[in-house]
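Trainee: In case you want the letters, here they are:
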Amino acid sequence: MIWVNALVQGVLLGGLYALLAAGLSLMFGVMRIVNLAHGTLALGAAYLGYVLVDSTGVSPFVALVVVVPVMAVVGYTIQWGLLNRALAMGGLAPLLATFGVAIVLAQLLQETFSADSRTLQVGTIGIRSFSIGDDIFVGWLQLIILGAGIAVIVGLQLFLSRTGTGRAMRACSDDVETARLMGIDSRHMYAVAASLAIATVGLAGMFQGMRTQFAPASGDMLLIFAFEAVIIGGLGSLWGTLLGAVTLGVAQVVGAQVDPSYGVLIGHLVFLSVLAFRPTGLLPKMVTA
Amino acid sequence: MTTTLPTAPTAPAATMPRVRRSTRASWVGLAVAVPLTVVLALAPYYLDRGSQGSLVSLFSLVVMASMWNLLAGYGGMVSIGQQAYIGIGAYALVYLTSTAGLGPFVAVPVTMVLAGLVAIPISFLAFRLSGGYFAIGTWVIAEVARLVIVQFDSLGAGAGTSLMAFNDLTPGRRIAYVYWLGLAGVVLAVLVTYLLMRSRVGLGFTAIRDDDLAAASLGVRVTRSKRLVFVVAAMGTALAGAMVAASTLRVQPDSVFALNWTALMIFIVVIGGIGTVEGPIIGAIVLFALQQWLADLGTWYLIILGAVAIVITLFLPRGLWGLVSGNGRVRMFPVGYRLLAPAGRGVTARGEAGSAAPPAERP
Amino acid sequence: MSLLEIDAIDVHYGDFQALFGFGMRLCEGETLAIIGANGAGKSTLLKTLAGQLWPTAGTIRFAGDDISRVPDHRRVSRGIALTPEGRRIFRSLTVEENLRVGGYRRRPGPWDLRSVYEAFPLVADRRTRLGANLSGGEAQAVAIGRALMSNPRLLLLDEVSLGLAPVAIAEVYAALPAITANGTTVLLVEQDVNHALQVADRLQCLLEGRVVLEGTPDSVSRDDIAAAYFGISEEHA
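Residue numbers (numbering that gives the first Met the number 0), protein chains in the order written: chain X, 0 to 288; chain A, 0 to 362; chain R, 0 to 236.
Some hints here could point you the wrong way.
As the list claims (entries may be wrong) - If you want the ones that stay clear, here's a sample from chain X, every Cβ over 12 Å from chain A, calculated:
(1) W2
(2) V7
(3) L51
(4) S54
(5) V72
(6) D184
Claimed, not checked - Listed below are several chain X residues computed to face chain R (Cβ distance under 8 Å; list not exhaustive):
(7) G163
(8) R166
(9) A167
(10) R169
(11) A170
(12) D173
(13) D174
(14) E176
(15) T177
(16) R179
(17) L180
(18) M181
(19) G182
(20) I183
As the list claims (entries may be wrong) - A few chain R residues that face chain X, going by a derived Cβ cut-off under 7 Å, partial list only:
(21) R90
(22) S91
(23) R104
It should be emphasised that the hints constitute simulated quantities derived from the structure, not laboratory data. Note that the Cβ used here is the ideal one computed from N, Cα and C, for glycine as well.
Construct the entire structure; sequences and hints are all you get.
Mentor: As structure tokens, this is what we get:
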């Protein structure tokens with residue numbers, strides 16, 4: 000039964016990864032940008048939350064109300080000020096620019112907060128759990144995170160498929176020149192997409208900070224996990240990202256059950272297997288040109 | 000109503016345009032490079048050990064950056080996982096000299112070959128991805144390499160291991176030998192980059208960059224060329240890893256597999272000038288100077304470097320060498336073809352094929 | 000009063016000049032056809048009117064305002080809509096979604112989803128089909144409907160017959176009277192001279208970026224048109 004519990008824990012972990020990966024998937028879907036600063040931005044949100052919690056004493060859940068909108072603004076600004084220009088330059092520029100941002104931000108966090116681990120204290124909700132049967136324990140915080148992950152994925156999907164702005168974004172993704180002929184300001188659309196993506200990443204970063212400890216170096220793994228979730232699930236599909244995230248979570252937790260040091264490695268191996276045997280992912284929708 | 004079609008004028012042979020490869024600047028470049036190399040080779044006789052050590056660091060940066068530039072600037076493949084081969088190179092050197100019992104200077108070429116062999120199957124996996132996802136994929140592979148190597152106690156597991164191969168030598172000799180290894184490495188890396196890009200492979204890449212499909216239809220072996228560059232870059236980076244191990248004598252997984260190496264490579268190439276042979280050299284020298292100059296500021300120099308790299312990516316895409324060379328008009332390493340108008344025409348030559356410019360695609 | 004006044008514009012693609020001192024006046028409600036061979040500059044003209052290119056000399060006046068340097072995404076709200084060359088349907092969107100995107104910046108007017116479906120029954124039948132799965136004729140109808148959704152004052156049609164079977168071309172042109180009946184001004188660019196002449200009030204022929212012939216379908220002969228189109232003149236006889 001410990002294996003069933005491991006499965007459940009893996010699914011719960013998948014919720015966090017889905018939350019993390021949603022923004023990466025969105026930015027790639029709309030603008031073909033792979034945001035290498037994705038993980039570091041999540042971390043930045045966690046640190047922002049930490050500063051708020053530390054200085055005002057509010058609960059991290061309350062801090063969310065401030066952090067998420069701030070991250071939305073950050074996303075809009077980075078896209079408008081930096082990445083739109085990089086897109087116009089074309090070629091390797093967007094990738095190099097996001098890489099630069101990732102390194103600079105990680106170093107800044109290190110300079111400001113030192114390399115010590117921190118955590119966001121959530122109180123008892125971080126420890127309390129309920130049990131199903133004798134062997135399966137579901138932590139309340141993990142359940143909330145899973146709920147948030149699913150809600151974000153569903154919300155983004157509905158936004159893209161049902162709203163005028165979402166439709167405009169998809170049009171930009173298909174053919175930006177023609178979208179502009181329809182009166183869509185592509186630069187603004189990209190910035191809105193980025194702001195949504197970074198806002199979700201902020202949420203993910205805060206939850207990660209509540210779940211476990213974080214340090215400036217943690218950003219790397221967050222990017223890798225988000226990326227693996229997207230690839231396993233299949234490019235171009237938010238549902239795929241959700242499935243990929245859950246698959247990754249399960250692989251990691253089950254792997255750790257075998258041996259604690261194997262967890263992350265098993266996740267990588269599952270990712271590499273998908274790459275080797277089913278490169279389009281589990282639920283692909285996009286044909287990458 | 001009849002119309003006569005104009006006939007194409009046939010140009011007499013004497014006034015056909017000529018194609019040349021070298022330029023005045025490239026002869027100057029040669030005239031400078033050869034004596035410079037000789038002067039550098041004699042360094043152990045007049046430089047102190049600290050300076051030699053610094054130069055070895057510089058040399059390894061040039062090698063790494065040249066290889067990353069080969070991948071990204073010519074091959075169009077951005078990798079953020081080259082640290083995999085730094086680690087593989089360092090660990091291979093330790094393993095070959097201790098367990099396999101090879102002499103250190105024989106072990107280095109073997110290390111490079113090993114890295115190349117490892118890179119081949121990796122390329123099959125990595126090439127399933129493209130663009131930014133390829134980049135992260137290479138990073139995942141580097142992480143896997145680190146996690147796998149850490150499992151082996153014989154290689155020191157998490158704590159790392161030491162290079163014993165030079166224990167018989169006096170420090171002075173050791174440093175001199177490592178220095179010459181470093182110099183040979185730099186010369187090799189630059190030469191290989193230059194010759195590869197001057198060859199048909201290089202010309203093929205300029206076509207691949209503009210249009211994969213069209214290039215393939217003309218007979219350019221797209222995947223094979225990319226794989227070749229990927230493997231060569233792996234070998235060169237492993238050489239740099241061996242150089243690092245040889246000069247620091249200590250190999251730790253968290254430091255040889257650190258993302259920082261790739262960050263340095265990228266910043267050097269971006270600042271120096273992506274897609275040119277001269278760029279990585281210029282960039283490495285600039286980085287080196289910055290490291291010395293900003294040494295008191297600790298890790299702030301990395302922040303400044305990163306910010307400069309971002310600005311250069313957005314505003315000066317051809318880097319410092321692009322600025323100095325008038326965007327490719329001056330070439331010390333002639334990799335392109337120049338079309339010279341026939342004499343007496345009064346038209347200055349403008350055609351420059353084979354210039355490895357950063358590709359400009361529309362989103 | 001002219002809706003559109005183009006005053007001696009030059010348009011360049013980088014070093015290459017595509018239009019030389021081009022001028023034109025278009026009145027509200029007119030249908031003007033611009034004909035010419037490949038490379039004559041016709042599509043360049045429409046792209047410049049849509050704002051994808053800016054003239055390097057001269058001015059463009061629309062409803063009295065100078066729009067020469069207005070960005071492309073601002074032209075729809077002023078009343079200019081382009082059906083681009085090659086249709087350029089959004090592939091991952093359905094037909095209905097394509098139309099809705101066309102209405103992103105709707106101006107008040109008779110065209111909406113329902114009236115487009117009435118005018119183009121073909122489109123109505125295909126409303127849930129993905130843009131990637133449309134035939135040439137279907138895509139062309141959707142592209143025109145999409146442009147109409149914004150209720151433009153000036154509709155620009157770029158080579159609507161290109162790559163279509165004769166039956167499909169006939170269907171497209173059959174729908175044109177419904178568009179002009181509402182008072183929309185149409186500027187259409189065509190290589191297919193016959194169809195262009197059927198619907199146009201006036202025509203201009205372009206050759207290598209310059210106007211070489213102007214007139215109405217009644218006032219110019221086929222020979223004149225052929226001569227202008229191909230650039231054959233008496234000197235070459």
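Trainee: Quick check on the hint: R/S91 CB to chain X CB, less than 7 Å?
Mentor: With a closest approach of 5 Å, the R/S91 hint holds.
Trainee: Given X/T177 as an interface hint, is the shortest Cβ-Cβ distance to chain R below 8 Å?
Mentor: Hint on X/T177: holds, closest Cβ of chain R at ~4 Å, below 8 Å.
Trainee: Measuring from the C-beta of R/R90 to each C-beta in chain X, is the shortest one below 7 Å?
Mentor: Holds, because the Cβ-Cβ distance from R/R90 to chain X comes to roughly 5 Å (cut-off 7 Å).
Trainee: Would the hint on X/E176 stand, with a C-beta cut-off of 8 Å toward chain R?
Mentor: Nearest chain R Cβ about 7 Å off; hint holds.
Trainee: Hold the hint about X/I183 up to the distance rule: shortest CB distance to chain R must be less than 8 Å.
Mentor: Given a least distance of 6 Å, the restraint on X/I183 holds.
Trainee: Verify this label for me: X/D184 is non-interface relative to chain A, using a Cβ-Cβ cutoff of 12 Å.
Mentor: Correct as stated: the minimum Cβ-Cβ distance to chain A is 14 Å, above 12 Å.
Trainee: Closest CB-CB distance from X/V7 to chain A, is it above 12 Å?
Mentor: 26 Å, holds
Trainee: Beyond 12 Å from chain A, beta-carbon-wise, is X/L51?
Mentor: 24 Å, holds
Trainee: In terms of Cβ atoms, is chain A entirely out of 12 Å range of X/W2?
Mentor: Holds, because the least Cβ-Cβ distance between X/W2 and chain A comes to about 23 Å, which exceeds 12 Å.
Trainee: Answer holds if the nearest beta-carbon of chain R is closer than 8 Å to that of X/R179; otherwise answer violated.
Mentor: Where the cut-off is 8 Å and the nearest Cβ of chain R is about 4 Å from X/R179, the hint holds.
Trainee: Any CB of chain R closer than 8 Å to the CB of X/G163?
Mentor: 7 Å, holds
Trainee: Check the non-interface label on X/S54: least C-beta distance to chain A beyond 12 Å or not.
Mentor: Non-interface label stands for X/S54: nearest chain A Cβ at 24 Å, farther than 12 Å.
The structure shown violates none of the earlier numbered hints.
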